[in-house]
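Colleague: Now for the letters of each chain:
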Amino acid sequence: MEINPYLLAVSGLFIVFSGLAFLAFVVSNIHRVLFILENLNFKKFKEKKIITASFTKNQITETKKIIFLSKNKKESFYLPDLIEKSLMNGQENPWILVDFLIKKQIICPDETGKFFWNDKSPAWKLIFKK
Amino acid sequence: MLLIAFFFLYLGVFKKYEPLLLVPISFGMIIGNLPSPASMSLGVYSEGSVFYYLYQGVSQGIYPPLIFIGIGAMADFSYILSRPILILLGAAAQAGIFITFIGAYFLGFAPTESAAIGIIGGADGPTAIFLTSKLAPDLIGPIAIAAYSYMALVPVIQPPIMKLLTSKKERLITMSSDFREISKKEKVIFPVTALVICCLIAPGALPLLGMLFFGNLLKEAEVTNRLAEAAKGPLIDIVTILLGISVGASTQADVFLTKKSVTIFILGVVSFAIATMCGILFAKLMNMFLKEKINPLIGAAGVSAVPDSARVVQMVAAKENPGNYILMHAMAPNISGVIGSAIAAGVMWSIIGNF
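Chains as they are written, first to last, in our numbering: chain L, 7 to 136; chain E, 858 to 1212.
Mixed in with the good hints there might be a few duds.
[Stated by the list, open to error] Quick list of the computed label-pair ranges, beta carbon to beta carbon: (1) Gly1210/E <-> Phe20/L: 35 to 45 Å; (2) Ile89/L <-> Asp1035/E: 41 to 51 Å; (3) Asn45/L <-> Ser1033/E: 20 to 30 Å; (4) Pro1060/E <-> Ile102/L: 14 to 24 Å; (5) Pro128/L <-> Phe1036/E: 37 to 47 Å; (6) Asp1035/E <-> Ile73/L: 47 to 57 Å; (7) Phe41/L <-> Ser1033/E: 16 to 26 Å; (8) Leu43/L <-> Ile942/E: 20 to 30 Å.
[To be verified] Just a few of them, taken from the derived set where beta-carbon distance is under 7 Å, the chain E residues facing chain L: (9) Tyr962; (10) Val1053; (11) Ile1054.
[What the hints assert, rightly or not] A partial selection of chain E residues facing chain L, derived with a Cβ cut-off under 8 Å: (12) Leu938; (13) Ile944; (14) Leu1063; (15) Ala1130.
Because the hints were derived from the structure by calculation, they are not lab data.
We treat Cβ as the ideally placed atom computed from N, Cα and C, and that holds for glycine.
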């Protein structure tokens, strides 16, 4: 097959040029796409999904009971006290539940080593919704 | 050939023209051209010799992609991420490849040989060797020597062309140093995105660009620092030594000193000059449409001799105004030139390789 050098050179250069021009277009928009994605806040959405999925009915009931046990939600407490109270009230697995509360940041440690009920935890909403 | 080898050695050692390339190549030329008994197989073309096996990395196109990993690990793509429009200069400079292809074809070279000769204009040694190993393996010696010599001679070849095509007023143009800050995410996304785009356009460029962007990802990911350090240090050094020595040793006088080789050298320098011209002229064309003017000298960095070409651009600009820093701006077309010449090689291989 006979080769047409002009056609080949022109088409070759066209491919290189259009390819790099397309690359330039994509590159100039990467940060814009990232900005949009970051503002969609997929992170929050994902967290909400995990919380909803990981809460069992039993865990919700037990959390409510523990909250009921702590007379004043504003008062900070030591973890063993909370566990003891839970045990005395017939909770079967207070350690697992406490671990769960810490992971969901429903209870958080302060500088003194005591824990406090964290009103800002997104998990609260889900507990009381259910 | 020995005289040429000594001359190259002199240029490398005393004139410091690309010593990392010219010293191994010139020493390889001495090795390849010393007389040896015909009964013993010693040279690169004698099957079974040590040099024969080292040369397989060149003739099979193995060394160039390995060098590209190192280049990728050293390259900083943030210049093109902050000024993407300058990528076009890297594309414009590739015109030299295709124009020389036409010239070589009409001088009687086969289409495959013409493509391999044209790629010298990309001023990218590894790309030239890679494409030649695929299209015209017989010409690897002269094309590799021409490509690496012209890469080394960037400070000699480019400045007169730059001065010829630009006015003093143009050379004095200053460019804003206000670069956009590039996030880590962008730097990580870029090599993956660019690889997909480039290899959809020119699948033949995959061995080179795949390694280039992989090397860059190793660097930008920041979790593979050991691998990145190995790629830009020991790996690229070892491969450069092996490539330089074996390419040099392939220039045996009976194979190398032919009319064809001389023509290749002439066409190579023409290709390189045209590439430089096209980059500068395209920068001037862009200035007709851009609000914020660019210094047309940076168009010359569109050839992919990284970072020498960008350094030469800075040198020429600084001669007119020592306070004019355009090195960072020149790095953008320079790095996109590497991508452009690899795409051009891929295009040539895909089209002509099928004829």
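Colleague: Under the constraints set out in the numbered hints, which ones does this structure not fulfil?
Modeller: Violated hints: 1, 2, 4, 10, 14, 15; rest satisfied.
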